[in-house]
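Peer 1: Residue strings, one per chain:
Protein chains: 2
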Amino acid sequence: MPNRTVYFVSDGTGITAETFGNSILAQFPGKPRHVRRPFVDSAEKAHQVVREINNLGEQEGQRAIVFATLVNREVLQIVREHCKGLVMDMFNTFIEPLEEEFQVKSNHRVGRFSDVARSQEYHDRIEAINFSLAHDDGQSAKNLESADVILVGVSRSGKTPTSLYLAMQHGIKAANYPLIPEDFERNKIPSMLEPHKKKCFGLTIDPERLSQIRNERRPGSKYADLMNCRYEINEAEAMMKRNGISWLSSTHKSIEEIATTILRDIRPDRLIY
Amino acid sequence: MPNRTVYFVSDGTGITAETFGNSILAQFPGKPRHVRRPFVDSAEKAHQVVREINNLGEQEGQRAIVFATLVNREVLQIVREHCKGLVMDMFNTFIEPLEEEFQVKSNHRVGRFSDVARSQEYHDRIEAINFSLAHDDGQSAKNLESADVILVGVSRSGKTPTSLYLAMQHGIKAANYPLIPEDFERNKIPSMLEPHKKKCFGLTIDPERLSQIRNERRPGSKYADLMNCRYEINEAEAMMKRNGISWLSSTHKSIEEIATTILRDIRPDRLIY
Chain A
1105 MPNRTVYFVS DGTGITAETF GNSILAQFPG KPRHVRRPFV DSAEKAHQVV REINNLGEQE
1165 GQRAIVFATL VNREVLQIVR EHCKGLVMDM FNTFIEPLEE EFQVKSNHRV GRFSDVARSQ
1225 EYHDRIEAIN FSLAHDDGQS AKNLESADVI LVGVSRSGKT PTSLYLAMQH GIKAANYPLI
1285 PEDFERNKIP SMLEPHKKKC FGLTIDPERL SQIRNERRPG SKYADLMNCR YEINEAEAMM
1345 KRNGISWLSS THKSIEEIAT TILRDIRPDR LIY
Chain B
1105 MPNRTVYFVS DGTGITAETF GNSILAQFPG KPRHVRRPFV DSAEKAHQVV REINNLGEQE
1165 GQRAIVFATL VNREVLQIVR EHCKGLVMDM FNTFIEPLEE EFQVKSNHRV GRFSDVARSQ
1225 EYHDRIEAIN FSLAHDDGQS AKNLESADVI LVGVSRSGKT PTSLYLAMQH GIKAANYPLI
1285 PEDFERNKIP SMLEPHKKKC FGLTIDPERL SQIRNERRPG SKYADLMNCR YEINEAEAMM
1345 KRNGISWLSS THKSIEEIAT TILRDIRPDR LIY
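Protein sequences appear in the order of chains A and B.
Letter by letter, the first sequence follows residues 1105 to 1377 in my numbering.
Letter by letter, the second sequence follows residues 1105 to 1377 in my numbering.
Calculated from the structure, these hints are not laboratory results.
All figures in this text were calculated on a predicted structure; none of them were measured in a lab.
Glycine residues also receive a C-beta, built at the ideal position from the N, C-alpha and C atoms.
Among the clues, some could well be false.
[Stated by the list, open to error] Ranges of calculated distance between the beta carbons of each label pair, as one might list FRET restraints: (1) A:1325 x B:1231: 14 to 20 Å; (2) A:1165 x B:1188: 44 to 50 Å; (3) A:1177 x B:1200: 24 to 30 Å; (4) A:1249 x B:1284: 29 to 35 Å; (5) B:1335 x A:1225: 29 to 35 Å; (6) A:1155 x B:1348: 26 to 32 Å; (7) A:1347 x B:1133: 44 to 50 Å; (8) A:1249 x B:1197: 24 to 30 Å; (9) A:1146 x B:1137: 34 to 40 Å; (10) B:1178 x A:1243: 45 to 51 Å.
Extracted from the complex, chain A is given alone in its bound form (with noise of 0.2 Å):
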């Protein structure tokens, strides 16, 4: 699809349009040129992206894609009977079965977060995201047993991107601790780890991958030579097999895929809430 434009228009954030938009895009071949437009909320700045709209399709000669999710009804109507781009509107295609089903108007409310920085559930996700600061890379070992979860693995494997993601995305309290030279020398995990290795994770890597990240940090020192690197990843995933720790390798994989993938394995009671 060459010189198409997409448009992500909403009355919210528009982040529910881009990410379902893109993941139907991704289903085919080439990489359109993305536009967000977030807050469209009355009438005129309906009005105002449908003109973009439209002038734009004119210039390249032939219509955008757009992924509207629109609650507002006057918002909607608008783009509806004016913009020429083919308008998916993705909301109001699923809300009428739905409607059905549940034999109940929906509300027509702007936004999934809306009065939700007052929420319990986003008070958790603040406080993960607080715990799982504090507890980078080993910093502090203090309540670790209020953990969910604890991340393993030698130093750029994966650990901190990770945790985080689980704490903003799900409000895991995700800590991270390293496995060092140091661990693998004494043959041991570290003694903070013993009572919490239920809920231990580990994350590998390919030696390969590891030395080319780690020399993007410490250019040709001895931390980032792929024999050492073998070495570390070796004595990591022995020590972890040792000591029954599950783990899988982030080479290939996304943050969001390792994240899912920690759940499902540990602690699926959090993908049924």
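With the hints as your guide, set chain B onto chain A.
Peer 2: Then chain B, alone, in the frame of chain A:
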């Protein structure tokens, strides 16, 4: 919708199904039970989840709602044929009109994250997370010139979670820098920020809410005292005004809303890519 169970079934992480499904469910009163079933990527797993959904429907006396993002044709076929829940087939509903528009068949590739772990975009996200961590709470003035955004505000106004969100979701290098009582006494913004005012963005918060949050941390302290919170907020807002720094209040806003507003106001280029 009392007693309803909602399934999010995907051959990927299920994050798209869940994000999108939740924003649709937010249009209805009540809070159903949520079950996410990720990585349903084989006929066997498909039959298993269908059995689970059908059994549950019988037990509960009403069918489950199923938001499905299934790319795997075999799995989709099994769900379509055998699942007795109300299946909202989120992908195919929109993929068909797009196939027609683009005059090309979709490639049925599982997961928007496939192969992503080695892409430049993903690499930039991870770099941004590391940057934001290293520049949390004014920890480092090094490389502030390479920050995309610098969040400023009093302690506990929401700077840290917002910076991490900007980094994680948008690959934005977001530093954050606290405004502290010493700055108000000197009546000058921190000198580190002087050369970077254009990329500063302020967070403020209702003094009552700030006092409540600070009291959770240090109950009964001067730090948490309402009068002191009022003083700090007044001074911080006056300082931002004098220095031409835009700001918004985090009191009733989620991280997602704050982040989107910041992007729109000071990095609109990052909403277009």
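Peer 1: Please go over all the hints and tell whether each is borne out by the structure.
Peer 2: The hints, checked one at a time:
1. Here the CB-CB span from residue 1325 of chain A to residue 1231 of chain B is close to 19 Å, well matched to the stated 14 to 20 Å.
2. Here the CB-CB span from residue 1165 of chain A to residue 1188 of chain B is close to 47 Å, well matched to the stated 44 to 50 Å.
3. Judged by the Cβ atoms, the range 24 to 30 Å given for residue 1177 of chain A and residue 1200 of chain B holds: they are separated by roughly 26 Å.
4. Against the hinted window of 29 to 35 Å, the Cβ-Cβ separation of residue 1249 of chain A and residue 1284 of chain B comes to about 33 Å, which satisfies the hint.
5. With their beta carbons about 32 Å apart, residue 1335 of chain B and residue 1225 of chain A fall inside the hinted range of 29 to 35 Å.
6. Roughly 31 Å separates the CB atoms of residue 1155 of chain A and residue 1348 of chain B, a value that falls within the hinted 26 to 32 Å.
7. Here the CB-CB span from residue 1347 of chain A to residue 1133 of chain B is close to 48 Å, well matched to the stated 44 to 50 Å.
8. Residue 1249 of chain A and residue 1197 of chain B have their C-beta atoms about 46 Å apart, which leaves the hinted 24 to 30 Å range violated.
9. Evaluation of the 34 to 40 Å hint for residue 1146 of chain A and residue 1137 of chain B yields a pass: the beta carbon distance comes to about 36 Å.
10. For residue 1178 of chain B and residue 1243 of chain A, the hinted distance range of 45 to 51 Å is satisfied, since their beta carbons lie about 47 Å from each other.
Checked against the numbered hints given earlier, this structure breaks only hint 8.
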